[in-house]
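Dock chain to chain to rebuild the complex, using the hints, since each chain is given by itself in its own frame.
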Amino acid sequence: MTATPPPPPPPPPLVVGPLTRTDFVRYQGASGDFNPLHHDETFARAAGYDAPLAVGMLNAGLLATYATNWLGAEAVRRFKIRFRGRVWPGDTVTCTGALVREYEQDGSQLVDVELTCTSQAGVVAVQAWATFAREPA
Amino acid sequence: MANPAAQGAVGAPFMVEIERGKIREFAAATHSANPAYWHDENPVVPPTFLTTQMFWESWAGTESSPWHLVDLDQQRGVHAEQEYIFYGPPPRAGARLTAQSRIGDVYTKQGRSGPLTFAVMITEYRDESGRLVAEAKLTGVEAAPPGDRS
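These protein sequences, in sequence, are chains C and P.
The first sequence begins at 1 in our numbering and counts up one residue at a time.
The second sequence begins at 138 in our numbering and counts up one residue at a time.
Only chain P is shown next, with the shape it has when bound in the complex (with noise of 0.2 angstroms):
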């Protein structure tokens, strides 16, 4: 079940290089031809591109990543929605950003078959002067195990 008490949780700070090959490993496997990713020499990240921020805190370690505390069910959790803001153009190639990750609200919904549970983790990105630059909102939900949708 997932758990409340994750509300607040806050990781440790990780390191995100933004590389042009990944870029373009990601325009092909979202079949974008956009000369923007293939031809510039700094190119700015495609819109869904900080995802990748997986790899980076998964090498960081644990404690970087505090989405584990919200211990969402593997057989009822799913992704529901994802939001990317970028606060002028995305960030380039050649970028080095620090990111944070925190929990947010945890908190349940009645739905149509019983109680959704919703938990919402937010990963700020800071450039090297520590200006804010793009900001990712993932949101959870778990269904309320079967026998319990009261």
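Isolated chain C (complex conformation) (with noise of 0.2 angstroms):
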């Protein structure tokens, strides 16, 4: 039986922005999601918006990029995603994670971590609860 090594401290706050609208297109090309809300101001403007609005799942990818930077790429069983609050253009959002619990599951030790993208606004963007496996050292 090997030990499984105490996980590692949340790394330091992943801060991305200003945010563009290239951006959003980028993540939109590479998603699938064309929802023109993103990127075409004269449908945002009809839409009753100042500007296009961000994209929730950008957001959520920028999380999973905090939580696999910390965590392991291969080691994610569950990203569970809620999107609270509107990110716009020129905004700078910022990355965080906090350990929840650590347990273990049908011989696995796993590790419960939640995570926040806020925005300099001070609008928390998107939460999500993730579930990674910890590799015995």
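In case anyone wonders, no lab produced these hints; they're calculated from the structure.
Among the hints, erroneous ones may be present.
[To be verified] Lysine-lysine pairs mimicking DSSO-like chemistry, simulated, CA-CA at most 30 angstroms apart:
| id | chain 1 | residue 1 | chain 2 | residue 2 |
| --- | --- | --- | --- | --- |
| 1 | C | K80 | P | K274 |
| 2 | C | K80 | P | K246 |
| 3 | P | K274 | P | K246 |
| 4 | P | K159 | P | K274 |
| 5 | P | K159 | C | K80 |
[Unchecked claim] Computed far set for chain C versus chain P, every beta-carbon distance over 10 angstroms:
| id | residue |
| --- | --- |
| 6 | P9 |
| 7 | P12 |
| 8 | P13 |
| 9 | H39 |
| 10 | A51 |
| 11 | F83 |
| 12 | P89 |
| 13 | T92 |
| 14 | Y103 |
| 15 | Q105 |
| 16 | G107 |
| 17 | A121 |
| 18 | G122 |
A quick note: this is a predicted structure, and the numbers were derived from the prediction, not measured.
A virtual CB, placed ideally from N, CA and C, is assigned to each residue, including glycine.
Put into structure tokens, the structure is as follows:
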């Protein structure tokens, strides 16, 4: 039986921005979500917004980047996202995380973490709850 | 208005091929420099990568995506939650997965400013041996129209 080392502490926050329309378009092209609300100024204004709205799944993807840098790309077992607030071009977002619990399930050592993406305006854009497997040392 | 009769609808299976270049494009778009995506010969997918199923289900045709049957209002409907579950390490570049979506619960809850209708779509991903390797769970929500917020 090999001991599983304690999980590393959360890394420093991941700060991304100021976000540009190009960031939104690059994500939309990568993901396949072509909702014009996120890149078409005319469409966004007709919908009552001053500018294209950031893609919620982009912010979720930034949280995933932070979490996989922390606990490993291959170790992710669950990633649950809740969309909360709006982010706009020019906003800078900060991704942070905290360890929630360590436990064993079906012979695997797991950790649950909570992740938050917040804009410089103090708006919580996205929250996520993730489970990662811990590799034995 | 959301259609509760969509509950239980099942889409036709569709193919999802996991590709290295697409993984790197996705990693770049989500500002990841993780060597697991950039240096591995057959990288695993990032945690939210399976959102790219949107390409594959649209190429496969509308019968693969039962989500349109839910018929959430375009103005008042939003993406509320998204979850990915991996039964082991995430799938790797080179994997050929078969995906199939079904509509889960469609239900109404009382919100602060009126009723909210939630709808869930679950997509299962299986490898070539038929093993369930991942699941995606999409939750959409629609507010009642203004004036109907009793």
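Here is what the structure says about each hint:
1. Between K80(C) and K274(P) the CA atoms are separated by roughly 9 angstroms; this keeps the pair inside 30 angstroms, and the hint holds.
2. Between K80(C) and K246(P), the direct Cα distance comes to roughly 21 angstroms. Compliance with the 30 angstroms bound is thereby established for this hinted pair.
3. Of the supplied pair hints, the one linking K274(P) and K246(P) holds, its CA atoms being roughly 19 angstroms apart against a limit of 30 angstroms.
4. Simply put, K159(P) and K274(P) have alpha-carbon atoms about 22 angstroms apart, close enough for the 30 angstroms limit, and the pair holds.
5. Taking the CA atoms of K159(P) and K80(C), the gap is near 22 angstroms; set against the 30 angstroms cutoff, the hint holds.
6. The claim that P9(C) is not at the interface with chain P holds, since no C-beta of that chain comes within 10 angstroms of its own (minimum 18 angstroms).
7. Annotated as non-interface, P12(C) keeps its C-beta farther than 10 angstroms from every C-beta of chain P; the closest such distance is 15 angstroms.
8. With a closest Cβ-Cβ approach of about 13 angstroms to chain P, P13(C) is found to remain outside the 10 angstroms limit, as its non-interface label requires.
9. No Cβ of chain P approaches the Cβ of H39(C) within 10 angstroms, the least distance being about 13 angstroms, so the stated non-interface status holds.
10. At roughly 18 angstroms, the least C-beta separation between A51(C) and chain P is larger than 10 angstroms, which holds for a residue marked as non-interface.
11. Interface exclusion of F83(C) from chain P breaks down, the closest Cβ pair being 6 angstroms apart, not more than 10 angstroms.
12. Consistency note on P89(C): stated as away from chain P, and its beta-carbon is indeed over 10 angstroms from all of that chain's, at 16 angstroms minimum.
13. Annotated as non-interface, T92(C) keeps its C-beta farther than 10 angstroms from every C-beta of chain P; the closest such distance is 12 angstroms.
14. Against the 10 angstroms criterion, Y103(C) stays outside the reach of chain P, whose nearest CB is about 17 angstroms from its own CB.
15. Against the 10 angstroms criterion, Q105(C) stays outside the reach of chain P, whose nearest CB is about 13 angstroms from its own CB.
16. Every beta carbon of chain P lies more than 10 angstroms from that of G107(C), the smallest distance being close to 13 angstroms; the non-interface claim holds.
17. With a minimum CB-CB distance of about 20 angstroms to chain P, A121(C) clears the 10 angstroms threshold, and the non-interface call stands.
18. For G122(C), the requirement that its beta carbon stay farther than 10 angstroms from each beta carbon of chain P is met, with the minimum near 21 angstroms.
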